[in-house]
Structure formats: C-alpha cells, structure tokens
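Q: Chains W and R, in that order, are what the protein sequence lines are.
Once you know that position 64 of the first sequence is 64 in this note's numbering, the rest is easy, because the numbers rise by one and skip nothing.
Once you know that position 55 of the second sequence is 225 in this note's numbering, the rest is easy, because the numbers rise by one and skip nothing.
Hints listed in this document are in silico derivations from the structure and should not be mistaken for laboratory results.
Bear in mind that the values here come from a model prediction, so they are computed numbers and not experimental data.
Don't take each hint at face value.
Reference excerpt, derived from the structure (chain R facing chain W, CB under 10 Å, subset only) [unchecked claim]: (1) Ala313; (2) Val314; (3) Val458; (4) Pro870.
Cβ coordinates follow ideal geometry from the N, Cα and C atoms, glycine included.
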Amino acid sequence: MAEMTLTVNGATRTVDVAPDTPLVYVLRNQFMLGGVRLGCGMSQCGACAVLVDGREVRSCVTLASRVAGSKIHTIEGLPALWAEAREGTAAGGLHPVQQAWIDEQVPQCGYCQSGMMIAAVDLLARVPSPSVAQIREAFTDAPPSPHLCRCGTYPAIIDAVQRAARAMAL
Amino acid sequence: MISTPTLTRRQFVKAGGALVVSASLPSLSSRGSVEAAGSTLDATKLASWIEIHDDGRLLVRTGKIETGTGMSAFYAQVVAEELRVRPEVISLVLGHTDETPDGGFSAGFLTGANNLRKVAAYTYQALLDLAAGALNAPKDALAVTDGVVSGGGRRISYAGLVRGQRLELTIPIGGSLPALDPGQPTGLSGLTGLQVSGTPPTREIPQYSVIGESFPVPTVAERVRGDTEWVGDVRLPGMLHARMVRPSAVGATLVRAGSVDRARFPNAEVVTKGNLVAVVSPDEWEAVAAARAVAASTTWSDWSGLPGHDEVTATLRAQPWGAPSHERGDAAKVSAALSAAAKTVEASYEQPFTRHAPMGAYVAVADVRRDGSATVHTASAQSQGLRVQIAHALGVDVEKVVVRWHQGPAQYGRTTWGGDGAEGDAAILSQLVGSPVRVQWTIQEDLAWSTVSPAWVADVKGALDTEGRLSAVHSDWYAPHENDARLLGALLAGAPSVTPLATNRVSTVWAYEKIPVLERAFAMPSLGADATSAGLRGNIMRTPWQRQQNFATEALINEAAAAAGADPIQYRIDHTTNPRLIELLRATAKEAGWDPRPSPRPGARRTGGGLLAGRGVAVMIRSDAPWVAIAEVTVAPDTGEVRVTRFTVGLDCGKVMNPRQLRLTVQGGIVQGLGEALTEEVTFDRQKVTSTDWTRYRIPTMGSTPDIRMVITSYDDRGINSAGEAPNALPPPAVAAAIFDATGVPPRRIPLTAAYVKKLLSA
Ligand code: FES
Ligand code: FES
Chain W
1 MAEMTLTVNG ATRTVDVAPD TPLVYVLRNQ FMLGGVRLGC GMSQCGACAV LVDGREVRSC
61 VTLASRVAGS KIHTIEGLPA LWAEAREGTA AGGLHPVQQA WIDEQVPQCG YCQSGMMIAA
121 VDLLARVPSP SVAQIREAFT DAPPSPHLCR CGTYPAIIDA VQRAARAMAL
Chain R
171 MISTPTLTRR QFVKAGGALV VSASLPSLSS RGSVEAAGST LDATKLASWI EIHDDGRLLV
231 RTGKIETGTG MSAFYAQVVA EELRVRPEVI SLVLGHTDET PDGGFSAGFL TGANNLRKVA
291 AYTYQALLDL AAGALNAPKD ALAVTDGVVS GGGRRISYAG LVRGQRLELT IPIGGSLPAL
351 DPGQPTGLSG LTGLQVSGTP PTREIPQYSV IGESFPVPTV AERVRGDTEW VGDVRLPGML
411 HARMVRPSAV GATLVRAGSV DRARFPNAEV VTKGNLVAVV SPDEWEAVAA ARAVAASTTW
471 SDWSGLPGHD EVTATLRAQP WGAPSHERGD AAKVSAALSA AAKTVEASYE QPFTRHAPMG
531 AYVAVADVRR DGSATVHTAS AQSQGLRVQI AHALGVDVEK VVVRWHQGPA QYGRTTWGGD
591 GAEGDAAILS QLVGSPVRVQ WTIQEDLAWS TVSPAWVADV KGALDTEGRL SAVHSDWYAP
651 HENDARLLGA LLAGAPSVTP LATNRVSTVW AYEKIPVLER AFAMPSLGAD ATSAGLRGNI
711 MRTPWQRQQN FATEALINEA AAAAGADPIQ YRIDHTTNPR LIELLRATAK EAGWDPRPSP
771 RPGARRTGGG LLAGRGVAVM IRSDAPWVAI AEVTVAPDTG EVRVTRFTVG LDCGKVMNPR
831 QLRLTVQGGI VQGLGEALTE EVTFDRQKVT STDWTRYRIP TMGSTPDIRM VITSYDDRGI
891 NSAGEAPNAL PPPAVAAAIF DATGVPPRRI PLTAAYVKKL LSA
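Here chain W stands alone, though its shape is the one from the complex (with noise of 0.2 Å):
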C-alpha cells in the first residue's frame, strides 16, 4: 500500500491504497465520487473523464500516484469551479456546462454524461465559442476521445455545447 495526497474538488485528503491503484477507483471508493462513471476501463469511452489542473483525462488509465499535487475535479466540483473563476459570483449555482445540460435535457440514461460535460468544460476552456465542426472534432477525433454515448445524444451534446458557450461569454 501507499499513501498519496490528493485534492480533489478543492479537498486535500491522504489515501492509503495500493500503488498502482487508478484513479477512477480512488475517486469512486476512497472520495465516494459517484460522478466519476466507469466504462470501458481501456480509455476508449470517456465514461470515466474527469479533470485533472483543467485538462480532461480518462481516469481509467492513469495511476492516482502521477496525479497527486495536482487539482482533480468530477462533474460534482464543476459549480465550484465555475464559483472560483468568475471570483464566487455564480455561487451555489451549477457550472454553466451543467446548466446547459438540464436546459437541453441531454442525458438519456445519462451514464456516459459525466464525461460528456468534463470534455465540454475542456473544450470551452480552449474555445469559448466552438463551431460545430470543432464540437464533433473535440468530442470524436481529439485525444483523448472519442466520448462514446449508446444513447445517440451526440446532437443534444452539440447544443447543450453551444449553448454552454453562450452563457459562459456572458
């Protein structure tokens, strides 16, 4: 076993689990993270995708021992997120990509969603105002994806994208 320290949607603990444990099982049973969803386990899906210093990374395949002293966030630290870079104004609410993803009413059964919304809060951070063409780009061919949905929400994803960058330009 090994212990590592981690912060993760702005928390710091100290875990003791094994030291080639991945981080999708450290987020899900030591942070008991439901947000954080397990997929394909071989970084194919984008179930698993969570945030690690801003960047979308599949947290299937990478250790929690290489992610430490960095900041990880899951879909349930986004509001807080949102809070810290617009200096506390939005406050209790979601973060524009959640918000944007009730409005359109995205998720069907939902599971593949968490990561939908951590490579959209990626993708909005390099692009505030995506077209299209770069939504399908970032969410099929850009690594680390593709994001898979077997519910075939890609085009609701696209709206909820947009609509996410309208409010977040705001």
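The hints should help you fit chain R with the ligands onto chain W, whose structure is shown.
A: Positioned in the frame of chain W, the structure of chain R with the ligands alone reads:
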C-alpha cells in the same frame, strides 16, 4: 379476476397525516392476503400505488422503471393529468419488488402508463367523493385545479381533504406476477405483471393539459449534478468486490482454477462453483488485479463449438428448420398470386449478430443471508422476473428474495425477460462466501458474455402484376431464438435455470393492406449451444424481431419499386390505404425535399472515383404509429465508404406525451440504428467472441452522426401510441435503399461497412 371496479370507502381513522393506507380489507389478489416483510405490495389496494400526503405531495409506486428514455417524467405526467395536479408534486418509487405492487417489464411507456392512469383515475373519483362531503356540494359540480377542489362556493385542497384521514380503497386487478413456466418461450410466465382492470372515468385526450407539455425528466438534473445513485454505487456493510474469471471459450469447462499470490494480494480469494470462477476482495482494485493474475493461471478444457462469424450465414442455411414457429397472413392467396404473377422479385437478406452494448458493463450487488433470504440490487427492467430466477438459482422461496432497482446504463431490452446480467454471479457468490458481494463485469466481458441479438437470414418474394404493382409478398425469416434470459452465473455454476424454448415471432405490422402477405418466422436453438455451452445466448433487443423483419420486407418493397420503375414513396402510397401512413409519407418527403423519381437515380454507377449521392426511404408501423425515414448518403464506389449526410424521420404517434423528450429519444434511436446500419457486428472465432472492445464492436460517434430532422405532429384524435422504442429500426432499410439509389446495386446485408459495400459493388 373480477371485472368491475370496487370502490369502497370503509372507514376513516386518524393516521397522522398521510392518507390512503389500507390493511383490513380481504385481498382480491390470487396470491392471498398475507404480506410478509419483503413481499410485493398488494395491488388490489389503491394505497399500494398512490399515497397522498398532507403536505400536498404524492408518492406513486410502480414496478416499472426509468429505462433512460424519460419514463419517470411520463409516469408523473399521466398521474398528474388524471388527478389534476402538477407533476412536480409527484415522487416515484420504481422497480423495488418490496415497495411496488405490479411488476411487469419496462419495454415501453404504455404498459406502465395504462396501470397508472387507472389508479390515478380511481383515486380521483375517491377524492371527489371526499370533497363532495367536505364541501357539501354535489360531486358533478366540483372542479379541480392543481390539487384544489372547488364547489358550492368553497375550496379545499387534496392535502386538506386527506389530513388526518385513512382511506381504504380496493381496485380490480388482472394478470399475474412472474413464475416459472416451462411452457413459455422464456421459461417464465407473468412477465407483463399485473394489470389494473375496470374502466374508471379518465380524461379525454383533447382535455389534456399536463400530457403534451415538455415536462423535464426528474432524473436528468440529478445525473448532471452527480447525485444519482447508480446500481454500481451501492455499497453494503462488509461487502466484497468480485471480478469474474470467465472460461477461455464459450463452452469450456474448468480444469483447474488458478490461485492467489498471497504476497501480492493479501486480502483476495478465489471462489469457484462449477465453471463459475471469481476473485473477491474488500478492495475493488485488489479484486481487479488479482483476478487478472488468477485468470492467467486458470486452465480450461478445449471447446470450439462456434462456426466463426464468416460462416454464420452458411450455418443458418444448413439448419433443418422444420415448421415455422409463428406465421401470419393468407397462405392460399399469396401462393395463388405468386403463381399468377407477371414477374416476381426475389431476394435473400441477412444480418450478423449484434448486441445491446451499453456504455457501462453489468454490475450487481447481492446479499444472501444465512436464513436464505436475499436482497439483490440491480438495474434490470424486470425486477419481478429476476426475483423468480434468483430464487430458483439459490433454491429458496421467491418470497425470501427482494430485488431493489437502481439507475443503470440503458439496457435496450436485454433485461426485459428478467435475466442476463451480473445478478446470478453476485447471488451465488454471496451465498458461497456469506457476505454481500458486488460483481462488476468488465466491458470486454460484457461484449463477450452478455446476450446477443441473433444473426438471421430472410427469403422474401414479391409477385408483380402486369402494371408492376405488388399482388403478394411472402417472407420467411430464419434465426436463433431470442428467449434466453438465463442468468450467466447460474448457467456457469450449474445452478437451476429456466429453460427457454426455440421459438420466434412475426413481429411486423404489415403497412400495405392492398398487398396480401404471408410472413413466417422460423427458430433454432442458440448458436453453439451444446452439452456444456449455452452458446451465443439470443435475446431481444430494442424493437425486437420487427426491426430485422421490417428490414427484409422494406428492402424488397424498394427492389419491387425499382423493378416497376416507380418512385419508392409513390409506390408505397399506391399499396396502402392507411391514411396516417400516407399523410406521413407526404409530410416527411416534403421535409426532406424529396424529388419524385424512380430509384436507382439517373447516372447511378458502381465503379469509378468520386462520391455518389443517393437517397432512400423506409417505413414501419409499431403499435399503431406509422414511421417514415428518408436517408441521404454519399458512397465512394472505389473504397465502398458510405456516409449518411442527412436523415429525416417522420412519426405519427397520436398524442405526443412530452414533445422535447420524444424528439431527444427519437434522435437517439436514429443514431443507434445508424450503428446497426453501418458498423455493428459481433465477431467470433470457433471458441469465443472477438469483438470485445469499442474499436472492434463499433458504435456511432458524434463525428459519424448526420443532421437529423424530425417531422412529428401531435394529434388529439388518434390515441396515444408507443413512440420511443422504434426509431432504431428505421436507418438500416433507409440507408440500404439510399446506397441502391446511388449505385444501382441493392445491398442485401447489414452492416454496410466499407469492406462489404466495396465487395458488393465489385461483384
Ligand atoms: S472508462 Fe475510461 S475511457 Fe472508458
Ligand atoms: S446517455 Fe445513455 S450512454 Fe449516453
């Protein structure tokens, strides 16, 4: 069962605030009146279905579940409509066998909605009776808005009516809960559960106000915040994590289980029963890592009972099929028309194995206690059927088993018969180790060991008269059956299982009343089933039987239209009298900018460079709802690559429950169907499935998703037809027709991969 409603207000007693609990009436259910702890609620008691609380909130219970298409919104809307309340005041209890009354599968919204509509209507009448007394006004002079009854110049809320009251009402119930039944295709009867009978007054569709609004799906916001408790999130005290070590081949048997290296994995243990092998540990990652190590040192017998995926069609063709297991139509008329035909069109169509392929693999938690009682946590769409199968596998009375439902990745029909899944593994392991056990399958395991939608071949023949009109269609459809919902864990452990029968069904709704038709479905056991192997277990998948059979008959209609030199939309209009279908064909054609002309298009070619454009149409009727799909594609003849550039879908499902949610579900279903049209195929060698990750079982991506347009109109005079399930059936025949249009070559197999299309064009 009794056929008329019995509404009996027996007594009102102080009950501390919440109305409608019932205990003293004799049960009208065939299962007797005693409710042991853990038993299913008595469906004859209205209070088992709806509780009205004195804060104005309503609790509604049903054994149906949220399948991921918005059921939790629709159920709230249906109840709210009949009770004249806002759907926001309704909370739902779904799927738990010990907290709901009815059971039944969740394969569409109508099966659940019919029960809830009636229980809400019965409750409404009871509340009006109460209000008439309280307001001292005649019942028929009362009006209700948002849960407030007014009459005689006074008002009282439902909350006010029920405060401190206890009301007992019984309602008539038909049907039965699941039970072992060797005569049934799945080995289980009662899978549709209990039905509320009688005819309480219900609202007419034109009066609807809550039904028809885009009420948000209650589960959406919780998913977005990360608050959902998924089945994989269930944690019980003392729970062990398990990972399975599966046989090296579908029918291989255990020779020797590997052992755990104690130095590396101090808390892990190997558990076996028959061919069921697992590694358990209190730590999930230890279970994962130790299972990998144990798998490497476990030995299995040789088995090679599969034909290999390239041999599937030949294998099906070589089967001794015998008599059809189901048929429909007019054999005499069809054979007369075929012998009198001026010309016949004839073709064989086929599809390899496909699968449901949810984004999350099966996961379940089971707690089997020393006294034989068991609780199983599942995301199954058939809690009561699962309960029976678990009890059977464990050898305990069904009353000792409680199944609790949680959200899960959408299953697309694979749990509708109450099995498949990790629940069998979890229950058997828990019984063996004496602790709660959580079994998480891997995606590789799920893509190899879960049930499949069987491969099929179909022979279709049409008789054309001298004017090119179809005077008969005969279609024969051959496939392994789709009834195997046995629990994998029970099968591997050698525990008792139900016995599925090799039967198939004709499931199309024939859209062309002017054409006499004979449709026959033939069945065989699962491919690779033998003494040690269940083979590739066939199971239903979204729009079962119909989507495969409809592909074959729609493809033939397109070939017949081409033979007749007719526009394929006009050709369909000429062969049907269904006014809703005709109207929808015209509306969808208009939306797609359809230019009437025969297919293939002028200039269609099968060779050369560049991109060819094509467009194709297909229709389907499911329940009473007509569907029309128009696909537009480009084909690169030199590579065979197909791109769907635009997809237009028309639907007339009568009254639309929830317009936004319907559009989202239809859109998603089209995307799913495009996967079946273009890429999806389960591959296997002689031992095992080989399409075991997302690069080998290829589902649609955002990049491959076309612009999807929808033509959906809500009507008040056409009933409420089912709508959300069917769209996945539309893309395969429409895309195939579009390739035919572009190239002049009719594809007769899906998926339309580049390799297949290239081969087709160069043949
Ligand atoms: S679970 Fe990590 S990418 Fe699929
Ligand atoms: S919403 Fe079901 S997998 Fe994406």
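Q: Against each hint, give a clear statement of whether it holds in the structure.
A: We went through each hint and held it up to the structure:
no. : hint   : in the structure
1   : Ala313 : 32 Å, violated
2   : Val314 : 29 Å, violated
3   : Val458 : 8 Å, holds
4   : Pro870 : 7 Å, holds
When the structure is compared with the earlier hints, violations turn up for hints 1 and 2 and for no others.
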